[in-house]
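> Sequence:
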Amino acid sequence: MNIQGLQKMTLLDYPGRVACTVFLGGCDFRCPFCHNFELVAGPLPAAVDEEELFAFLKKRQGLLDGVAITGGEPCLRKDLPEFIERIRALGYPVKLDTNGNHPDMLARLLDAGLVDYVAMDIKNSPLKYARTVGLRSIDLQAISESIALLMRGSIECEFRTTVVHELHDDGDFEEIGRWIEGAERYFLQPFADRDTVPDRTLSAPSAAELERYRAISSRYVRNVEIRGADN
Numbered sequence: 001m002n003i004q005g006l007q008k009m010t011l012l013d014y015p016g017r018v019a020c021t022v023f024l025g026g027c028d029f030r031c032p033f034c035h036n037f038e039l040v041a042g043p044l045p046a047a048v049d050e051e052e053l054f055a056f057l058k059k060r061q062g063l064l065d066g067v068a069i070t071g072g073e074p075c076l077r078k079d080l081p082e083f084i085e086r087i088r089a090l091g092y093p094v095k096l097d098t099n100g101n102h103p104d105m106l107a108r109l110l111d112a113g114l115v116d117y118v119a120m121d122i123k124n125s126p127l128k129y130a131r132t133v134g135l136r137s138i139d140l141q142a143i144s145e146s147i148a149l150l151m152r153g154s155i156e157c158e159f160r161t162t163v164v165h166e167l168h169d170d171g172d173f174e175e176i177g178r179w180i181e182g183a184e185r186y187f188l189q190p191f192a193d194r195d196t197v198p199d200r201t202l203s204a205p206s207a208a209e210l211e212r213y214r215a216i217s218s219r220y221v222r223n224v225e226i227r228g229a230d231n
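Here the sequence shown is numbered in the working numbering, starting from 1 and rising by one per residue.
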């Protein structure tokens with residue numbers, strides 16, 4: 001596994017757990033607001049050797065209680081199930097971040113009981129999806145299939161949207177709400193500019209916009225929260 005980065009401890013990436021975060025390279029989306037855009041085009045030379053990672057995890061047994069796997073898009077990696085099996089063999093629960101564009105891999109991981117928590121990004125309403133992920137077009141069937149897989153309720157999960165002033169409006173959250181209606185949790189995360197973001201013209205929504213979007217989404221989802229507004 002080509003590991004692009006390792007955050008050795010986080011209290012944020014895996015809800016309720018003290019975890020480390022493993023970054024994998026490559027993504028099939030080109031979101032203009034991406035914070036990890038350097039990982040998007042494809043795997044760079046490995047930043048952390050795989051055996052070095054597992055030595056670290058073994059050393060941290062009893063200190064860490066979870067591993068978050070993010071990217072890029074982890075589900076592009078065909079060897080992801082085997083990689084997670086090795087992590088779980090050390091006793092760690094695993095949280096997966098995904099863009100939802102690979103329901104076959106997601107189903108494989110869920111059916112094998114390899115992940116304990118999944119966070120899936122809902123980028124925007126269906127009509128704006130392609131633009132929001134930086135593509136000319138997109139088949140949304142895959143996104144809908146991944147939503148359905150997580151809505152089965154077999155494991156803990158969350159849906160989340162990075163909210164960008166220029167990309168989202170009230171109608172989008174009506175549509176997203178209908179798409180994930182009945183979900184247990186949905187997080188709105190305000191965009192934050194960084195040097196790694198490809199489109200530097202984008203900006204964060206106002207506090208009033210976020211609260212309005214939260215109220216709209218709450219008609220459809222049981223628990224809707226704004227995450228990271230103070231960051």
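Bear in mind the hints are in silico, worked out from the structure with no lab data behind them.
You may find that some hints are simply not true.
As a list, the in silico DSS-like pairs of lysine-lysine whose alpha-carbon atoms are at most 27 Å apart [said to hold, decoys possible]:
hint : residue 1 : residue 2
1    : Lys8      : Lys58
2    : Lys78     : Lys58
3    : Lys59     : Lys8
4    : Lys58     : Lys128
Have a look at the derived ranges for each label pair, beta carbon to beta carbon [as the list claims (entries may be wrong)]:
hint : residue 1 : residue 2 : range
5    : Arg108    : Thr201    : 17 to 25 Å
6    : Glu174    : Phe56     : 43 to 51 Å
7    : Leu12     : Arg212    : 20 to 28 Å
8    : Ile155    : Lys78     : 15 to 23 Å
C-beta atoms are modelled at their ideal positions from N, C-alpha and C, and glycine is treated no differently.
> Please flag the earlier hints that this structure goes against, numbers listed from lowest up.
Structure breaks hints 4, 5.
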